[in-house]
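**Q** Below are the chains, spelled out letter by letter.
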Amino acid sequence: MERKLALSDEILMQVEKPARYIGNEVNSVIKNKEEMDIRFCMCFPDIYEIGMSHLGIQILYSMFNSWDDVWCERVYSPWIDLDRIMRSRQIPLFALESQEPVKNMDFLGITLQYEMCYTNILQILDLSQIPLLAKDRGEEDPIIIGGGPCSYNPEPIAAFFDLFYIGEGETQYRRLLDVYKENKKAGRTRQDFLEKASEIPGIYVPGFYEEEYHTDGTVKGRRKLYDKAPDRILKEIVTDITDTYYPLKPVVPFIQVTQDRVVLEIQRGCIRGCRFCQAGQIYRPVRERDVDVLKQYALEMLKNTGYEEISLSSLSSSDYSKLNELLDFLLEECKAKKINISLPSLRIDAFSLDVMSKVQDVKKSSLTFAPEAGSQRLRDVINKGLTEEVILEGAALAFEGGWTRVKLYFMLGLPTETEEDILGIGDLSNKIAAVFYETVPKEKRVNGRVQIVTSTSFFIPKPFTPFQWASMCTKEEFIEKAYQTKKGIMSQLNQKSIKYNWHEADVSVLEGILARGDRKLAKVIQTAYEKGCLFDSWSECFHNDIWLDCFASCNVNPDFYTVRERKDDEIFPWDFLDCGVEKEFLLREWKKAMREETSPNCRSKCQGCGARRFDTGVCIG
Amino acid sequence: MKIRIKFAKYGCMKFIGHLDVMRFFQKAIRRANIDIKYSEGFSPHQIMSFAAPLGVGIESTGEYLDIEVDTMTSTEEMMNALNKAMVEGMKILSVTVLPDTVKNAMASVAAAKYQVSFDRKWIDDISGKLSAFYAREHIMVTKTTKKSVMELDLKPGIYELWADECPEGKKKAFTITMLVDASSSGNIKPMMVIEAFAEYCQIDLPIDNCQITRIDTYTNLGTEDGERKLVPLGEVGKA
Numbered sequence: 117m118e119r120k121l122a123l124s125d126e127i128l129m130q131v132e133k134p135a136r137y138i139g140n141e142v143n144s145v146i147k148n149k150e151e152m153d154i155r156f157c158m159c160f161p162d163i164y165e166i167g168m169s170h171l172g173i174q175i176l177y178s179m180f181n182s183w184d185d186v187w188c189e190r191v192y193s194p195w196i197d198l199d200r201i202m203r204s205r206q207i208p209l210f211a212l213e214s215q216e217p218v219k220n221m222d223f224l225g226i227t228l229q230y231e232m233c234y235t236n237i238l239q240i241l242d243l244s245q246i247p248l249l250a251k252d253r254g255e256e257d258p259i260i261i262g263g264g265p266c267s268y269n270p271e272p273i274a275a276f277f278d279l280f281y282i283g284e285g286e287t288q289y290r291r292l293l294d295v296y297k298e299n300k301k302a303g304r305t306r307q308d309f310l311e312k313a314s315e316i317p318g319i320y321v322p323g324f325y326e327e328e329y330h331t332d333g334t335v336k337g338r339r340k341l342y343d344k345a346p347d348r349i350l351k352e353i354v355t356d357i358t359d360t361y362y363p364l365k366p367v368v369p370f371i372q373v374t375q376d377r378v379v380l381e382i383q384r385g386c387i388r389g390c391r392f393c394q395a396g397q398i399y400r401p402v403r404e405r406d407v408d409v410l411k412q413y414a415l416e417m418l419k420n421t422g423y424e425e426i427s428l429s430s431l432s433s434s435d436y437s438k439l440n441e442l443l444d445f446l447l448e449e450c451k452a453k454k455i456n457i458s459l460p461s462l463r464i465d466a467f468s469l470d471v472m473s474k475v476q477d478v479k480k481s482s483l484t485f486a487p488e489a490g491s492q493r494l495r496d497v498i499n500k501g502l503t504e505e506v507i508l509e510g511a512a513l514a515f516e517g518g519w520t521r522v523k524l525y526f527m528l529g530l531p532t533e534t535e536e537d538i539l540g541i542g543d544l545s546n547k548i549a550a551v552f553y554e555t556v557p558k559e560k561r562v563n564g565r566v567q568i569v570t571s572t573s574f575f576i577p578k579p580f581t582p583f584q585w586a587s588m589c590t591k592e593e594f595i596e597k598a599y600q601t602k603k604g605i606m607s608q609l610n611q612k613s614i615k616y617n618w619h620e621a622d623v624s625v626l627e628g629i630l631a632r633g634d635r636k637l638a639k640v641i642q643t644a645y646e647k648g649c650l651f652d653s654w655s656e657c658f659h660n661d662i663w664l665d666c667f668a669s670c671n672v673n674p675d676f677y678t679v680r681e682r683k684d685d686e687i688f689p690w691d692f693l694d695c696g697v698e699k700e701f702l703l704r705e706w707k708k709a710m711r712e713e714t715s716p717n718c719r720s721k722c723q724g725c726g727a728r729r730f731d732t733g734v735c736i737g
Numbered sequence: 154m155k156i157r158i159k160f161a162k163y164g165c166m167k168f169i170g171h172l173d174v175m176r177f178f179q180k181a182i183r184r185a186n187i188d189i190k191y192s193e194g195f196s197p198h199q200i201m202s203f204a205a206p207l208g209v210g211i212e213s214t215g216e217y218l219d220i221e222v223d224t225m226t227s228t229e230e231m232m233n234a235l236n237k238a239m240v241e242g243m244k245i246l247s248v249t250v251l252p253d254t255v256k257n258a259m260a261s262v263a264a265a266k267y268q269v270s271f272d273r274k275w276i277d278d279i280s281g282k283l284s285a286f287y288a289r290e291h292i293m294v295t296k297t298t299k300k301s302v303m304e305l306d307l308k309p310g311i312y313e314l315w316a317d318e319c320p321e322g323k324k325k326a327f328t329i330t331m332l333v334d335a336s337s338s339g340n341i342k343p344m345m346v347i348e349a350f351a352e353y354c355q356i357d358l359p360i361d362n363c364q365i366t367r368i369d370t371y372t373n374l375g376t377e378d379g380e381r382k383l384v385p386l387g388e389v390g391k392a
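These protein sequence lines are chains V and H, in that order. So in our numbering, spot 351 of the first sequence is number 467, and the numbers just go up one at a time. So in our numbering, spot 153 of the second sequence is number 306, and the numbers just go up one at a time.
Chain H with its partners taken away, still in its complex shape (with noise of 0.2 Å):
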């Protein structure tokens, strides 16, 4: 039987990286009595699958892992005994039985939702600028990996892309929000975007004072090149 899990990280947990999240969540299914799947072989382990690696510093609210178990009582069940498992800064949001025919969470990643938050105001009349930057019909970064320095342009794995001032007085003074492309192939990191848009507007960005929280992952249930349909990984196998 599958099982897709959702979770959230968030407070000192945004620093624990992604392969200790794996260890972490291994030695958590044990702690809960899960009655998970290992593969076969010498050294077995457990049949787990995370949907997208999250960065180090960043919350999310939409983390995804599968998980194959031969035996369970309910997902109420399931979720109650992992949540006793888990420590502050992690918790599970939703448990929830795949169909058999449901792609594994990590080859279904298509999208992400991120919401940028700024404790400090760096720019005035971020929405108009934020449109006007979005606005435009390429947006042209230089990557640079170990191997190169490439081109990319950003703006066909940005599908959604706003600003909200927050209100005087909150900790935070604006955010950007984001939905953009997070598959294996095109995958857009949050930072990309706002580091293009303070070079638009020639401003030097306060690294700092921002906070990253991934909102959401989406699959695409539409086809590949033609109208996308993304949906929560969570919202799959719902009926």
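Next comes chain V alone, as it looks inside the complex (with noise of 0.2 Å):
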């Protein structure tokens, strides 16, 4: 039986990339309607390459469709072009794999991967025919449900959903359906689903609260408006990452995306506690998965989706502690089946230097270094581990080994940075070279010089990070300091083999905004995406003097969010979530960093951030 698709051929064939719109990839699901108590859709808000990229989304797909009364489908964000075309001919938003409207579904499940991805929710409301405001909605409509690391302030945005889901989805979704079946079978109403809803282990229902404000703006307290809402939500957690749900077999795209490989998350969570760093902090504790069922799905990934690429997934892959015994396992299997593998975020030491030059070419391939900050100083201020002599002793064993390409991340903005420390990326920039031409003879030289390139983002602070009570830059003072930063590498010897990248300084700023925003920001976010703003997270797309308008019209002050410096006692929007982190511990490591103290990491010594709470992971081993 074929499926009739959504959109008729003659619109297919005047988008691009059509493939985006048709669903029927290889392993994707398709379910008898009839048979199904629950129909979910599971949207990335961003185009089809960035969404199917996503690991998450590829966990709960295959997690719910493995149920029997499930049909989880997908759905992302129409590009401009058919955007336009469904606008205008009113055609609702389907999902993929029935190519059936939305609208119809019971649930509607949005993962906040980034801030600047808001206006695009809207979007997928709107062609959806799904009211934006939550209070707006009625019986018909789905449940609309945000999960992932934006959840963990989910305030600017809390007047779109009806749920929130804190932490991570294995653990209480199954508990959700059925709450959800049992109330639709009793006929009860949405109402009702919400309040036992509100009763589940990180479940966040936004419209069960009220934000109070001091009259400086700040929060000042929560008011109930159900009372047995609970008061703090503690995120969910999986305590067995090797008992758990794993995509064995992921979607395969059939045009190419982002991520277009199998990927393998050995670990979750990090050990190192970079003080920017919001992932280092929500998925406290690090656990690690069991190597020999990691090999075992690795081997069912590859012959279940033909992939020829697998990549290692986590936040810092060398801290895994089976590292080696994986690799040597993939090495032997990938080299007979032609199988590339893809190491990120890998130290870069002799080891790792071997593994990649066994797996990659070398001349073609390039290292990445991300020290974050130009100087010690700095680095410690942040709890970057990464010294100066680490990078310099591992660029010179990868110029040995034939490299020639490196890339450097830097952050400009950081709490108190000072000139020294932004002349000190092009310094560092600088060695990195001299070591080259130091470490290779001239007659060996194969490209004839070393590549440096030298990228900076601009510092944001974020919820549930030790820099949360940061001030962050102005978009001027970003730019100047980009300027200083290009005119420390220009004066460098070495400057001819050092490119220099930087990032957009009027978008951090609103995702500086948007990340410690609260409810205040709704009707901004709203007055922006009906004005015209959608992919915002994209540069040819983003409109910065919509976005200005749009915070003066609504009487809302930006700087309110970013430049003001926060009270240590003062109440944030987020505050009442419990990512398992606590506030007093965040707050320690801010007062370490403004001392320069660096702090040891989970493995060394437990510093009590309170994730020990949980019992899992890397606090009881």
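You may find that some hints are simply not true.
Said to hold, decoys possible - Simulated pairs of lysine to any residue, SDA-like, Cα-Cα distance not exceeding 20 Å:
hint	chain 1	residue 1	chain 2	residue 2
1	V	Lys454	H	Ile189
2	V	Lys340	V	Gly323
3	V	Lys133	H	Val174
4	V	Lys480	H	Ser196
5	H	Lys244	V	Ile146
6	V	Lys451	V	Lys474
7	V	Lys365	V	Glu286
8	H	Lys180	V	Arg377
9	H	Lys180	V	Glu449
10	H	Lys282	H	Lys244
11	V	Lys120	H	Lys180
Worth flagging that the hints you see were computed from the coordinates, not collected in a lab. Quantities reported herein were computed from a predicted structural model and do not represent experimental measurements.
Fit the two chains together into the complex; they arrive one by one in their own frames, and the hints show the way.
**A** If you want it as structure tokens, here you go:
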């Protein structure tokens, strides 16, 4: 039986990459809808190529579809060409698998991976013909549920969601769906379901609370509108990361997507505790997957997908304790099957270089270091353990091994940053270039010279990090810092070997506003969307002037969210959520940062962050 | 060992472009666990050759790709394994072993047969008008490429051309079938012929109600200049 596509041939022939909208991919799941109790549509609010590269949705998709009573489908943001057509012809947004309207589903789950997708959420709702505001939705509308890293401060977008799932999806979804099924069977209302759902661990129903503010605009507290709603919501976490769902048959796209390979998640969390990093805090504690299970998963996934590449996924692969064993196994297996191994987030040392030289074409590949700050002083402030000595040693080894391309990542605008720190970026880039010319004799230089690409992004303070109290730079300060960095690099002896890239400043400022925002921002986001803002993370689509107009017309001062330094005892909009890491610990770390003191990683000495209560992973091992 | 695979592409798969079809087959061959030969060098790739790229939006019942394998059990098993690795809209129609002397699929292509079906009658006496159109000595069209605009005579490249009217009540109103040059030097796109015909009839072409299907792809076993002997690529090497 052939599926009928939601879009006509005529439309599909005029949009860019029609394959984004037809579904039918290998391992996508078609079920008999008559036999389903629950229809769930999972959404990544960006284009198909980005959304399909996300592991989280693949995990939940395979988990949901492993249940007989649930059909989980996918939807991504239609690109602006199709967006225009769908609006003018009033075609409702549809799920890829069934090609049926999203509005007919029971749930629409939206993953919140970055703040700059917020207007895209409204596009999804709007094209689906679902009311933008949760309070305007009726019994026929799907339940809109959010999850992912940005749900750790959901307040700016709280008005658009019925529920947020705080934490890892593997644990409570079954219970949530059962509550829904029971509610539906009993003929009860949407409101009844939301009340029941709010009693489930990890579920946050934003409509049951009101934010109250001081006259200066900071949060005074929260008022509950439903008595039984919990005061605090603790994130959900998988205790046994080996014995849980994993997508052994991930959906394989037809078109090339960003992450076009088998992704093997070797561990969750990170032991390092870099003070700017949100992922390093909210995914605590580190939990490693059993190496034998990983070996078996790798083989099975390669067989089920036909991919020619496998990538190990984690926040810091080098910290996985059985990395050598896993890589030796994969090297052996992949050699015979001509499969590439890609190794992101690896520390550059003799071992990793040896592995990389076996799996990559050294001449073509580049090595990445992320010192994040230009001086040792500032690296201590941010608790980035990497020292200059280690970087230069790694670079020397790499150059001896034949690599000639190095990428360096830094952040500008970190707390306490001085001109000296900024100039340090050029210095360090130059020293690495110098190492090349010292290490590699002239006759052995493959491309003649070394290529160093130094990139800077702008520091954005994020909730649930020690830097959540920090003041963020203005756009003008950021641009000045990028200029100083450029000047610093240009003054170096080896400047011809160094290429400098920097991130755009205005979009970083907006991200900063949304990241630590409160409920007052919902109106700004909605106004910006209505005035045409969409795909804000795409520089060709980003309209800073419209956003600035919207802040003005909504009477919201953007500086309140960014440049203001928070007092130690300020109540943050996200404080009612509990990510496992305690606020006292984060404050301790913030004070230590100001004293330029480092903290050891989780494996060498517990810092008492609070994640011990989950009784798993590195905390008990 | 050289293997020729014939496949059909239809339904929503017509929206998957040629490069993505190649990527799809590279993965399908791994899923089907076929012992394909790889090229030498640091980044080895599967030895695989597609006959003729198919435009996006066109369906086909006669697509071909050649691969080389180190070992295999039987063509039947390979066909079954490949079909298990397909999706709705992609079907393996045959798998044959080629004599080593046969040129690869891409180099072999000489002609293709297309059927263009229209869901609405947009002209009366289609057969008569089409015959008159085809009977002319020259069928001149203007071909606009990125670099140039040039006059082109389609006539020598159209080997057969006819129309069939479909019975009332069918999804299709009528079809136009053509056997045309598909070699790398003289490839004719089916819409070029249809557009030239519409222009000849002085009628606006209802492009949005037609579906093109490539019926089969042919090689020339005759001589290049002399008598053509067009044989479907899938028939080559069969006893």
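**Q** Tell me, which hint numbers fail for this structure?
**A** 10, 11
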